[in-house]
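K.L.:
Letter by letter, the chains look like this.
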Amino acid sequence: MSDAVEAPPADVQAAELPRARTDWLPLALVPALALLALPLVGDVSAWVTLTLAGLAMGMMIFLMASGLTLVFGLMDIINFGHGVFISLGAYATLIVLGPLAGWASAESVWLNLALLLLCIAVAMGLTAAVGAVFERVIVRPVYGSHLKQILVTMGGLIVAEQAIHAIWGASPIPIPLPETLRGAFVFGEVVMERYRVFAVGVGLLVFVAMQLLLNRTRIGLLIRAGVENPEMVEALGYRIRRLFVSVFVAGSALAGLGGVMWAFYRQTLTAGMGMEVMVLVFIVIIVGGLGSVGGCFVGSILVALVANYVGFLAPKLALVSNILVMALVLIWRPQGLFPVARR
Amino acid sequence: MTSSPAPTAALDGPRRPRGPLAWLLSFDTPRSWVLSVILLGIVLCLGAAPFLFSGSQPLSTAAKICVFILLVASYDLLLGYTGIVSFAHTMFFGIGGYGIAIALERLGPSWGSAAIGLALGLALSAVLAAAIGLLSLRVRAIFFSMITLAVASAVAVLASQMSGITGGEDGLSFQLPAELRPAFRPFAEPVLGVSVNGRILAYYLILAVTVLGFLLLLRVVNSPFGRVLQAIRENEFRAEALGYRVVAYRTAASVISALAATVAGALMALWLRYNGPDTTLSFSIMIDILLMVVIGGMGTLYGAVLGATLFVLAQSYLQVLMGAGSAALAGLPLLPDLVHPDRWLLWLGILFIVSVYAFPGGIVGHLRKDHHP
Numbered sequence: 001m002s003d004a005v006e007a008p009p010a011d012v013q014a015a016e017l018p019r020a021r022t023d024w025l026p027l028a029l030v031p032a033l034a035l036l037a038l039p040l041v042g043d044v045s046a047w048v049t050l051t052l053a054g055l056a057m058g059m060m061i062f063l064m065a066s067g068l069t070l071v072f073g074l075m076d077i078i079n080f081g082h083g084v085f086i087s088l089g090a091y092a093t094l095i096v097l098g099p100l101a102g103w104a105s106a107e108s109v110w111l112n113l114a115l116l117l118l119c120i121a122v123a124m125g126l127t128a129a130v131g132a133v134f135e136r137v138i139v140r141p142v143y144g145s146h147l148k149q150i151l152v153t154m155g156g157l158i159v160a161e162q163a164i165h166a167i168w169g170a171s172p173i174p175i176p177l178p179e180t181l182r183g184a185f186v187f188g189e190v191v192m193e194r195y196r197v198f199a200v201g202v203g204l205l206v207f208v209a210m211q212l213l214l215n216r217t218r219i220g221l222l223i224r225a226g227v228e229n230p231e232m233v234e235a236l237g238y239r240i241r242r243l244f245v246s247v248f249v250a251g252s253a254l255a256g257l258g259g260v261m262w263a264f265y266r267q268t269l270t271a272g273m274g275m276e277v278m279v280l281v282f283i284v285i286i287v288g289g290l291g292s293v294g295g296c297f298v299g300s301i302l303v304a305l306v307a308n309y310v311g312f313l314a315p316k317l318a319l320v321s322n323i324l325v326m327a328l329v330l331i332w333r334p335q336g337l338f339p340v341a342r343r
Numbered sequence: 344m345t346s347s348p349a350p351t352a353a354l355d356g357p358r359r360p361r362g363p364l365a366w367l368l369s370f371d372t373p374r375s376w377v378l379s380v381i382l383l384g385i386v387l388c389l390g391a392a393p394f395l396f397s398g399s400q401p402l403s404t405a406a407k408i409c410v411f412i413l414l415v416a417s418y419d420l421l422l423g424y425t426g427i428v429s430f431a432h433t434m435f436f437g438i439g440g441y442g443i444a445i446a447l448e449r450l451g452p453s454w455g456s457a458a459i460g461l462a463l464g465l466a467l468s469a470v471l472a473a474a475i476g477l478l479s480l481r482v483r484a485i486f487f488s489m490i491t492l493a494v495a496s497a498v499a500v501l502a503s504q505m506s507g508i509t510g511g512e513d514g515l516s517f518q519l520p521a522e523l524r525p526a527f528r529p530f531a532e533p534v535l536g537v538s539v540n541g542r543i544l545a546y547y548l549i550l551a552v553t554v555l556g557f558l559l560l561l562r563v564v565n566s567p568f569g570r571v572l573q574a575i576r577e578n579e580f581r582a583e584a585l586g587y588r589v590v591a592y593r594t595a596a597s598v599i600s601a602l603a604a605t606v607a608g609a610l611m612a613l614w615l616r617y618n619g620p621d622t623t624l625s626f627s628i629m630i631d632i633l634l635m636v637v638i639g640g641m642g643t644l645y646g647a648v649l650g651a652t653l654f655v656l657a658q659s660y661l662q663v664l665m666g667a668g669s670a671a672l673a674g675l676p677l678l679p680d681l682v683h684p685d686r687w688l689l690w691l692g693i694l695f696i697v698s699v700y701a702f703p704g705g706i707v708g709h710l711r712k713d714h715h716p
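Listed in order, the protein sequences are those of chains A and B. Residue numbering for the first sequence follows the working numbering, beginning at 1 and increasing consecutively. Residue numbering for the second sequence follows the working numbering, beginning at 344 and increasing consecutively.
Excised from the complex, chain A in its bound form (with noise of 0.2 Å):
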């Protein structure tokens, strides 16, 4: 581990110490791309589309990929096994729909709005509880392993996805999207998909409440000092561990607000489906950084927007843009778009 501090703290407050600069060059990618894109795909309005469509799905791979970026930044834990968060917050969504199915035929905003919430609640809460248990069993007994990590928390998922499959069989089960959310608003030419619309709202009301958490709380300040030098700020008299904790349970949640929002949108639920998403998890983590929140945010737009983009321009190649969108950051940036300074 090399403990070479290059730069100060992202954003030190004390007035006195100089601001980090903000690296504006990643952040300024995401425009030029969409920009870049434009020509090529020709059409104004389609355009408009498959930039909501990418900004839709990158709101959602970066509430699945937050809490596992988060996780790594502070604990220096990698969990193979966050895909079952996202799953398991898929099926939440079963708990709440089969109750109160109603609700999502009926015509009422408010109705379909409550059951939503409702799923996500239910969703959170149980994701955050199994989180808790997972940290506790599988996770804490390999603290400082990357490799009995990778091996446990992947014997986790296993276990999980099998589990899942024990309670609420093995066929994928449809779900219906509330009816408000269904079909699109259109603006002349302009195709926007309600659902997708809801979607970018909630990522970035996630996005700005983290930030705020982040950088604004006191929560936030131990949990950066954390990520940069955990010693350090248990030295000062914080448990860290407790800290450490709340962190994973947040992160699991996390993952099962991303599951239900990737439930709706994918309308189906199979118990593979965290697993699935987590190789875009990974490219998203990799692209942006390990450990940074900011760089999974940056990265996951980016991932999306290309997946979008190329999937119009040449639909064989979508699947595969995202390892070349990994490759050519890697080969500018090895330790992603905004590496965290302690690694």
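Wrong hints could be hidden among the right ones.
What the hints assert, rightly or not - Computed footprint of chain A on chain B; a stretch qualifies when at least three of its residues, placed anywhere within it, have a C-beta under 8 Å from a C-beta of chain A: (1) 491-497; (2) 500-513; (3) 622-633; (4) 689-702.
Note that these hints are calculated values from the structure, not bench results. This one's a predicted model, so the numbers in the text were calculated from it and none came from an experiment. Ideal Cβ placement from N, Cα and C applies to all residues, glycine included.
Got chain A sorted already, so can you dock chain B onto it with the hints?
P.N.:
Showing chain B alone in chain A's frame:
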């Protein structure tokens, strides 16, 4: 690094085993009589499988065990001996399978086309393994795992998209050379009560290649090269400081392991007379490999033999047992679902987690520890 996956093979100490058998095993003998008995049993059963069991299902199970022994042993070279967690191993397995499948389908069912397919597969695997190795073995272990996962999934997608070459999701069925077909009868009379046909010859071909490949891998891990790999696993910086070029050694290990996996893939395709995404490329096979290595014992090639045998047997026969258990528990809540025949992986998953914690050396490491304190 705190703990090694397993006590490594005896360095040339006072009790170095002698004899031609020990030479064949690269002086890395089982070193536990229980393990020796189990291994001997497995080898005898595999060797006599066509004569011991009748019907095609046991023979298929035995062939699958052979293929997975080679595949898992090659993965152990990476995971157990070098400490690299790669998720791209099925990619090489798939390349071997597709190499054989495409060549035999396009060039006709002859030994020549099989050789061409295998050679091209090996070449492609070597190039890919070296490229991935050089690119990403420089980065940290976690990055490498994630990158290989992404690359493997991209290759799986490519294989199912390029349906013109690979047959897409349907895969490729093909004819084998005449000597390996069921209709081929080398002997007029039954041998030991079994009429030998091309299918049995194919089985023995697979068994022979597996034994050869396994012994070669055993030689690799017990060579000075293998010792350097273990040194890198234990402490990368120290190995670097000693003057070993870590990236070069790791890349070489990746390439050797990829080549062995390619051969295993070719054997799999030969046995099934078919290759498709689900038989060699899917991520679930990667998980199976991981389970076999860890349960059998990381860093002990013999673990591959035990792990693969146990796993394939469980896959084929545990379900029957669990079906009975599930029926016995019918009426109780959730329990019948947990012992449902389709949930056999749940129990192996739990065994896997317990292995990582309690028996880091897997079954083999545990047996060796008990008998040679």
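K.L.:
Are the hints correct? Go through all of them and say.
P.N.:
Right, here's what the structure says about each hint:
no.	hint	result
1	491-497	holds (count 5)
2	500-513	holds (count 3)
3	622-633	holds (count 3)
4	689-702	holds (count 8)
Hint check: no violations occur; every hint is consistent with the structure.
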